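Q: Sequence:
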Amino acid sequence: MTLGDKPMAQFLREAKAIADELTAAGTPVSLDEFNATIFRLLPSYYHPVIAMLFEEKSQVSFSDLSGRLMDHEILLQNSRILISVVANISRQHTSSARQFHQSSQENNGYRNNGASSKGNMKWFPNPCQICGLNNHQAK
Numbered sequence: 001m002t003l004g005d006k007p008m009a010q011f012l013r014e015a016k017a018i019a020d021e022l023t024a025a026g027t028p029v030s031l032d033e034f035n036a037t038i039f040r041l042l043p044s045y046y047h048p049v050i051a052m053l054f055e056e057k058s059q060v061s062f063s064d065l066s067g068r069l070m071d072h073e074i075l076l077q078n079s080r081i082l083i084s085v086v087a088n089i090s091r092q093h094t095s096s097a098r099q100f101h102q103s104s105q106e107n108n109g110y111r112n113n114g115a116s117s118k119g120n121m122k123w124f125p126n127p128c129q130i131c132g133l134n135n136h137q138a139k
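Heads up, the sequence shown stops at 139 in the UniProt record's numbering, and the numbers go up one at a time, no gaps.
Calculated directly from the structure, the hints in this document are not laboratory data. Bear in mind that the values here come from a model prediction, so they are computed numbers and not experimental data. Keep in mind that a hint or two might mislead.
[To be verified] Computed beta-carbon distance windows for the label pairs:
id, residue 1, residue 2, range
1, A24, I89, 27 to 33 Å
2, F54, G26, 25 to 31 Å
3, A138, I89, 45 to 51 Å
Backbone N, C-alpha and C define an ideal beta-carbon position, used for all residues, glycine too.
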């Protein structure tokens, strides 16, 4: 049995059902054994909450264990959503900046073999003889 893609609530229900079956068969599972088994089956991103539960000196009930693990699951889901949103914004910003940079190069004549994308404006590689700036010639 593993957590896999299951929601935490389903994982814990299945684990509790197995523990209840063992109890009904005459082999009860203590609360400490149950919790230790759950801890071993959880992926490493649950280690912070497991460490916090180990720090507590009293036994952790099934309902308390369930509540804390499901809270941590929600925290993890919210973190993934936030990371996804930030990545999307970053990707859009990078794409917009790249488009702006390409557009600005095209408008300055670096692309299209010297012709601007804005029409008849041409790129003059030599500076103006009067003012010394590019993009035009003295007439």
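Q: Could one say that the CB atoms of A138 and I89 fall in the range 45 to 51 Å?
A: 47 Å, holds
Q: A range of 25 to 31 Å was offered for this pair. Does it hold for the Cβ distance of F54 and G26?
A: Between F54 and G26, where Cβ atoms are some 30 Å apart, the hint holds.
Q: Taking 27 to 33 Å as the hint, is the beta-carbon distance of A24 and I89 inside that range?
A: The hinted range 27 to 33 Å is violated for A24 and I89, with Cβ atoms some 53 Å apart.
Hint 1 from the earlier list is the only one contradicted by this structure; the remaining hints agree with it.
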